[in-house]
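So the chains spell out like this:
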Amino acid sequence: MSDTTAPLTAPRVSPAQAYVSTTLREQEPAPVATRGPVLWVRRHLVGSVPQVLLTLFGIWLVYVTVPPLIKFFLIDAVWTGTNREACLPEKVGREVGACWPFVWAKLDQLIYGFYPASERWRVNVVYALGAILLLPLLIQQLPGKRLNAILFFGVYPVVAFVLLTGGNLEMQRFLIGSFSGSDLFAGAGTVQGMRVSFWIDFVVSTALVTAIAYLVSRIVAGPEAAPAAAKTTLSAFVLLGLVIFAMDIDVGLPQVETRLWGGLLVTLVIAVTGITVSLPFGILLALGRRSKLPLVKALSIIFIEFWRGVPLITVLFFATYMLPLFLPGRLTIDGLLRALVGVALFASAYMAEVVRGGLQAIPKGQYEGAMAVGLPSSLMLRLVVLPQALKLVIPGIVNNFIGLFKDTTLVLIVSIFDLLGSMRAAFTDPNWASPTTLFTGFGFAGIIYFVFCFGMSRYSMALEKRLDRAQRH
Amino acid sequence: MSDVRLSGPPAASRRRWSWTDPKLRSSVIQIVLALIMVWLVWSFYANAQANLARLGIASGFGFLDNRAGFAISQTLIPYNESMSYGRAFVVGLLNTLLVAFLGVILATLIGFVMGVARLSKNVVIKALASAYVEITRNLPPLFQIMFWYLAVLSTLPGPRQSWGFGLQPLFNGIGSGLSGIGLGVLGAPISNFAASLSAPSVFVNNRGLVVPRPVFEDGSMAILYALIAAVVASFVIGRWAKKRREATGKPFPAFWTGLALIIALPLAASYAVGNPVTIETPELRGFNFVGGLRVIPEFVSLLLALAIYTGGFIAEIVRSGILAVSKGQSEAAHSLGLRNGPTLRLVIIPQAMRVIVPPLTSQYLNLTKNSSLGVAVGYPDLFAIFAGTTLNQTGQAIEIIAVTMAVYLTISIITSAIMGWYNKRVALVER
Numbered sequence: 001m002s003d004t005t006a007p008l009t010a011p012r013v014s015p016a017q018a019y020v021s022t023t024l025r026e027q028e029p030a031p032v033a034t035r036g037p038v039l040w041v042r043r044h045l046v047g048s049v050p051q052v053l054l055t056l057f058g059i060w061l062v063y064v065t066v067p068p069l070i071k072f073f074l075i076d077a078v079w080t081g082t083n084r085e086a087c088l089p090e091k092v093g094r095e096v097g098a099c100w101p102f103v104w105a106k107l108d109q110l111i112y113g114f115y116p117a118s119e120r121w122r123v124n125v126v127y128a129l130g131a132i133l134l135l136p137l138l139i140q141q142l143p144g145k146r147l148n149a150i151l152f153f154g155v156y157p158v159v160a161f162v163l164l165t166g167g168n169l170e171m172q173r174f175l176i177g178s179f180s181g182s183d184l185f186a187g188a189g190t191v192q193g194m195r196v197s198f199w200i201d202f203v204v205s206t207a208l209v210t211a212i213a214y215l216v217s218r219i220v221a222g223p224e225a226a227p228a229a230a231k232t233t234l235s236a237f238v239l240l241g242l243v244i245f246a247m248d249i250d251v252g253l254p255q256v257e258t259r260l261w262g263g264l265l266v267t268l269v270i271a272v273t274g275i276t277v278s279l280p281f282g283i284l285l286a287l288g289r290r291s292k293l294p295l296v297k298a299l300s301i302i303f304i305e306f307w308r309g310v311p312l313i314t315v316l317f318f319a320t321y322m323l324p325l326f327l328p329g330r331l332t333i334d335g336l337l338r339a340l341v342g343v344a345l346f347a348s349a350y351m352a353e354v355v356r357g358g359l360q361a362i363p364k365g366q367y368e369g370a371m372a373v374g375l376p377s378s379l380m381l382r383l384v385v386l387p388q389a390l391k392l393v394i395p396g397i398v399n400n401f402i403g404l405f406k407d408t409t410l411v412l413i414v415s416i417f418d419l420l421g422s423m424r425a426a427f428t429d430p431n432w433a434s435p436t437t438l439f440t441g442f443g444f445a446g447i448i449y450f451v452f453c454f455g456m457s458r459y460s461m462a463l464e465k466r467l468d469r470a471q472r473h
Numbered sequence: 001m002s003d004v005r006l007s008g009p010p011a012a013s014r015r016r017w018s019w020t021d022p023k024l025r026s027s028v029i030q031i032v033l034a035l036i037m038v039w040l041v042w043s044f045y046a047n048a049q050a051n052l053a054r055l056g057i058a059s060g061f062g063f064l065d066n067r068a069g070f071a072i073s074q075t076l077i078p079y080n081e082s083m084s085y086g087r088a089f090v091v092g093l094l095n096t097l098l099v100a101f102l103g104v105i106l107a108t109l110i111g112f113v114m115g116v117a118r119l120s121k122n123v124v125i126k127a128l129a130s131a132y133v134e135i136t137r138n139l140p141p142l143f144q145i146m147f148w149y150l151a152v153l154s155t156l157p158g159p160r161q162s163w164g165f166g167l168q169p170l171f172n173g174i175g176s177g178l179s180g181i182g183l184g185v186l187g188a189p190i191s192n193f194a195a196s197l198s199a200p201s202v203f204v205n206n207r208g209l210v211v212p213r214p215v216f217e218d219g220s221m222a223i224l225y226a227l228i229a230a231v232v233a234s235f236v237i238g239r240w241a242k243k244r245r246e247a248t249g250k251p252f253p254a255f256w257t258g259l260a261l262i263i264a265l266p267l268a269a270s271y272a273v274g275n276p277v278t279i280e281t282p283e284l285r286g287f288n289f290v291g292g293l294r295v296i297p298e299f300v301s302l303l304l305a306l307a308i309y310t311g312g313f314i315a316e317i318v319r320s321g322i323l324a325v326s327k328g329q330s331e332a333a334h335s336l337g338l339r340n341g342p343t344l345r346l347v348i349i350p351q352a353m354r355v356i357v358p359p360l361t362s363q364y365l366n367l368t369k370n371s372s373l374g375v376a377v378g379y380p381d382l383f384a385i386f387a388g389t390t391l392n393q394t395g396q397a398i399e400i401i402a403v404t405m406a407v408y409l410t411i412s413i414i415t416s417a418i419m420g421w422y423n424k425r426v427a428l429v430e431r
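Protein chains in written order, with the UniProt record's numbering: chain R, 1 to 473; chain Y, 1 to 431.
Don't take each hint at face value.
What the hints assert, rightly or not - A few chain R residues that don't get close to chain Y, going by computed Cβ distances all over 10 Å: (1) 30; (2) 118; (3) 128; (4) 148; (5) 190; (6) 234; (7) 287.
What the hints assert, rightly or not - Covered stretches of chain Y (in silico footprint by chain R; criterion: 3 or more residues with CB under 8 Å from a CB of chain R, positions within the stretch not fixed): (8) 131 to 144; (9) 405 to 418.
Just so you know, these hints were derived from the structure itself, not from any lab. Computed from a predicted structure; not experimentally measured. For every residue, glycine included, the Cβ atom is placed at its ideal position computed from N, Cα and C.
Between the sequences and the hints, there should be enough to build the whole structure, so can you do that?
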């Protein structure tokens with residue numbers, strides 16, 4: 001009889017307690033094989049013969065890829081030099097890895113394209129402003145999201161436009177001028193680079209349209225609705241006027257044509273414009289797709305499915321070669337603007353599907369509740385549905401942005417030099433032709449793309465987790 | 001007591017023309033929208049007419065019969081410069097379908113392996129698969145295509161120093177590797193063994209990939225017929241086996257029977273008609289390879305990039321699909337007495353597929369659409385031949401871009417129709 005069972009069979013213990021020990025047994029340490037690092041290694045590395053083989057294979061794979069990469073990009077790399085001579089193994093007299101002086105020499109081209117060197121501070125200001133406005137928008141805990149969003153999505157694009165192009169659009173005619181085909185008060189001269197005749201046209205058109213809005217709403221909806229309609233119209237025109245004013249006034253910056261833009265600048269301009277423009281259009285299309293009006297619904301579905309069904313490159317070709325034929329002949333559109341139109345059409349369709357996902361996730365009770373308190377459908381959307389739906393789809397929007405960021409590379413096929421296009425152009429420079437130039441360039445561009453996309457995807461994942469947690473209670 | 005009207009509205013007043021009447025409002029909105037659309041279409045049409053006349057560009061599809069006059073580096077059907085644009089269009093379409101088809105197969109293989117590897121208990125494998133997924137998904141596909149084309153394939157040695165692939169170079173490598181780290185005792189016999197194997201027949205150099213080519217002589221059709229017959233037979237056997245199992249509970253190894261049929265029948269047919277298919281292996285003569293099939297480097301780089309890029313996305317889809325099947329399912333299957341294999345085959349995979357298939361199809365579509373990026377490295381696909389060269393030569397932007405978009409759109413619509421049918425078939429039947 002072993003001593004562990006001895007107390008249980010002792011005669012003084014009553015039968016009812018016979019199988020219950022009165023004292024707590026001392027805990028024994030778990031066997032070595034079921035805890036700690038030994039178990040971990042066994043379970044995760046060497047559990048069975050196939051596991052051992054897999055582990056060995058994995059270690060071999062790491063061994064043949066990682067050390068050579070480190071050796072190429074860091075240990076054997078050339079860090080300084082003025083031309084290809086610095087990176088030729090014959091000249092250096094040793095094995096040569098990455099040719100970093102090539103990247104340093106081309107860095108300006110990769111970041112600014114051929115933007116004039118004396119004007120590059122403008123690009124830097126745009127980059128800095130974008131970062132300053134975007135960061136607080138991304139950090140959930142910071143207050144003032146509304147103001148921040150208005151600044152980023154409303155004011156920043158105008159400021160960036162003026163800074164990058166130099167503004168001074170030289171607007172010719174507004175509504176009346178365009179419809180009548182002649183200038184109002186032609187020859188009234190210019191003030192600060194703005195044509196006076198355009199602004200007279202603008203003021204007269206604004207007054208006219210506001211009056212029409214007042215009269216129509218008075219007839220259609222009754223006298224009490226008319227002032228509100230007139231006010232809305234007037235404020236929309238004043239807002240438009242402010243935007244045009246900012247772009248039209250000559251602020252004294254030299255004009256920089258878009259064909260001089262390039263590199264990271266073009267990549268970011270296209271991606272940010274695409275996402276900013278696609279957001280309002282995507283919301284409209286998503287609402288249109290769920291509309292009860294058959295024509296609105298059909299047109300939205302056709303639009304969305306058409307652009308989603310074709311590759312982006314055909315959309316860019318459409319915008320570059322086909323769209324100009326559809327517009328009045330005297331209208332010549334800037335090359336970058338054409339690409340932007342294509343990207344905006346394409347991105348809007350994808351954004352619409354993302355937003356639709358959010359709209360579908362709103363429980364029916366929310367709609368019913370809004371209707372029960374008597375909200376008209378426009379207010380129901382603005383106050384109840386959209387705030388919830390858009391919050392749900394922020395991760396989807398970020399994922400869309402990642403896709404768009406990667407897709408901007410395609411503009412190099414329509415001869416606009418983004419980051420990748422500038423890199424490809426840099427490869428053709430005979431001054432830097434060396435055996436490792438290509439790998440260095442691809443390594444550098446790859447790191448930039450990876451940092452941007454990976455960073456954004458991590459952000460979106462963190463956000464998703466946060467929203468998930470908020471959803472649960 | 002005075003009359004009390006218990007029901008009915010007060011005498012119908014004149015109907016007010018009110019903006020708040022939903023019926024009226026919706027018709028007004030739709031009429032305005034329709035007018036805008038008509039105006040848009042009309043003005044596009046009028047502008048296009050005026051612009052085409054001004055620029056002197058022809059319109060209509062007559063150009064399809066004109067002589068193309070350009071060569072194409074990869075043609076699946078006979079083509080030469082004197083043939084028409086229409087023929088060039090078909091060549092391009094077939095090239096697009098070829099790279100998309102092979103890309104889908106390769107990407108699926110990569111994706112399933114990597115997706116399962118990401119769920120592996122083995123941390124090394126898991127980390128490697130995660131690194132693969134993160135790197136490939138976060139680099140633009142065009143970047144990857146250009147990387148393979150410019151940085152990898154064009155820096156390979158010329159034909160005379162081609163890299164050979166096969167068992168001989170593999171064992172040679174192992175042998176010299178072992179000798180290199182001081183295990184000559186082991187390495188030498190392996191190197192000797194390698195020397196006894198036949199020389200490699202797959203080569204890679206800066207002009208592309210050279211592989212053996214099957215040569216079909218008279219009677220080859222018999223093998224094809226045998227293959228079709230075998231596929232049909234195994235399908236029928238599968239149906240019968242399923243029916244019998246459901247009726248009597250007796251299993252029948254339908255899979256293995258089908259596999260045996262598919263392998264054995266064509267072999268038997270080949271033997272019966274006197275082995276009409278021979279393999280032509282490439283040989284290095286002078287400065288280039290003679291014989292065999294040369295795959296152009298543009299194709300190789302496009303295929304590799306598309307498969308690797310899409311494979312990363314498929315891996316994530318597969319992983320989330322497997323994770324979506326709750327653990328209780330496999331526990332329940334085990335407690336019913338199913339072993340690991342049948343549990344996976346009959347319980348886990350069918351449920352995971354329901355989650356996996358819809359996003360998987362959209363990845364297949366993405367891959368097909370991304371194949372148009374081959375234009376950046378000069379792969380002669382539909383886009384490069386039609387929207388590239390043909391557009392340059394004829395200038396008929398409207399017709400050409402419309403046709404190109406229509407082709408991709410048709411592929412998308414067909415795929416999503418099949419998808420919808422499948423979804424309906426596998427959807428959960430809720431009570």
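The hints, checked one at a time:
1. Every CB of chain Y is more than 10 Å from the CB of residue 30 of chain R (nearest about 20 Å), matching its label as outside the interface.
2. With a minimum CB-CB distance of about 32 Å to chain Y, residue 118 of chain R clears the 10 Å threshold, and the non-interface call stands.
3. Its beta-carbon lying about 25 Å from the closest one in chain Y, residue 128 of chain R satisfies the requirement of being farther than 10 Å from that chain.
4. In this structure residue 148 of chain R is separated from chain Y by more than 10 Å, as the shortest Cβ-Cβ distance comes to about 27 Å.
5. A cut-off of 10 Å between C-beta atoms confirms that residue 190 of chain R is not in contact with chain Y; the least separation is 30 Å.
6. With a least CB separation of 20 Å from chain Y, residue 234 of chain R remains clear of the 10 Å interface cut-off, as annotated.
7. Listed as a non-interface residue, residue 287 of chain R keeps its Cβ farther than 10 Å from every Cβ of chain Y; the least gap is roughly 13 Å.
8. With 9 residues carrying a beta carbon less than 8 Å from a beta carbon of chain R, the segment 131 to 144 of chain Y meets the three-residue requirement, and the given coverage holds.
9. Only when three residues or more bring their CB closer than 8 Å to a CB of chain R does the claim for the segment 405 to 418 of chain Y stand; here the count is 5, and the claim holds.
The structure agrees with every numbered hint stated previously.
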